[in-house]
Amino acid sequence: MKTVLMLSRFFPPAFDVGGKRTYRFARYLNRHGWRPVVLTERLPTDRRIDETKLDLPPDVELVREYLPSFGRFYGDVGTDATNPRPVPSKSGSTSAFRWPIASDIWLLPRFARMARSLAERYRPDVIFASSSPYSALVFGALLKRRMNVPLCLDLRDPWSLNFLQEGKPAWARRLDAATERRLFDYADQVTLTSRSARDAYRSLYSHLPPGKIECVYNSFDPEQRPEVRPKLAADWPIRLVHFGNCYGQRSLAPVLQAIAALIGRGALQREAVRLENYGRLSEADLALASTLGLSEVLVSLPAVAYEEGLRRLATADLQVLLGYGEQTLFIPAKLYDYLLSGAPILCVTPESELSEMVRNSGRGVCVQQDEASALEAAILDATRRFPRGTPAASVSEADDLYSANETTRQLAGLFDALVGPHS
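In this note's numbering, the protein residues as written are 1 to 423.
Everything labelled a hint here was simulated from the structure, so no lab data went into it.
A few of these clues could be false.
As the list claims (entries may be wrong) - Straight-line C-alpha distance at most 30 Å; calculated DSS-like pairs for lysine-lysine:
#	residue 1	residue 2
1	K2	K53
2	K168	K212
3	K2	K168
In this text, all values refer to a predicted model and were calculated from it rather than measured experimentally.
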């Protein structure tokens, strides 16, 4: 069996969503001829962790040596669901002091020192480096140079094309873009989590063979689908549930405004609706809720363990799925959890790959953030559905497309192509 060395700073039981992608790959790679060795951070001791039990095959080796035993590595970023404080409204403003690439890029000498030991211990056939932070991609390139084995860079979401880059000063953005270009040239394979991002990068780096840049979607584990009873009509209030953090252009504002409009014209009683957010809210959304008189409707709850989170999603009347404003190169990872839970989805996004995926699933409706009447109709429809919480469609097609085993099969196929048929 061939060996892949997987660099992922985050990994369960950390809550960070990027670690869940590597975790699901690690669970299934041995079914496709690959033994995973995961180089990741030490067990978190200064943050909350997900209590969901890890379920990894015995041949998966976790090497928790990514970070040194000293130093502070976690700041107040909008994506940290374990931080209870609201995300500042100006968190995306330009700062001359934001690091290029990532704040842990200073660990590069550490990876240079570890390279020989990792090569001797595990003799990897392929290196897989997953961001974020983007520094993981640089560390992966260093290990490729030291070990002389193929490298697959998993950007997940765009880097230089990411709207969050706008918060960096111009000099840092230029350095990031130059680093990204060199990494794309140097890597043997690059993967992203959406076709739209893949196509954007194929256009940006048109000198590269198109097949060098591929899409491997995020996924879910069908065996983790929760078993829940349909809600009865008497189970009030109507529950709209959003999982994750609101920051940057990801805002609950259109949903809050739709709820306020329904209450204002008497179509919905204030006490009969609840908008639950599991994660961090933005200061702007909290202020809007107060202005609209919805402070008791909008409920901010901490991130919960994955299994418990799926149960809460499955009993929702509507799962609220937010895009990133007008951005279209991103597929929120929570989409796959929403598909797994089976509850109806209300997706607020422009026409995009995301809206196409939701519609094709048969699981929900998609509206644009300025389509107030459509938003109101979708929420009102949830109050009339009986039994409450009934799954919107069969899950078999989504299982075929987005199961962790299927996406891992695709990734393993890319690894196989890198090492050739006779290795």
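Hints, one by one, checked against the model:
At roughly 27 Å between alpha-carbon atoms, K2 and K53 fall within 30 Å of each other, so this suggested pair holds. Restraint check for K168 and K212: the C-alpha separation of about 28 Å stays at or below 30 Å, so the hint holds. For the hint linking K2 to K168, the alpha-carbon distance of about 40 Å lies beyond 30 Å, and the restraint is violated.
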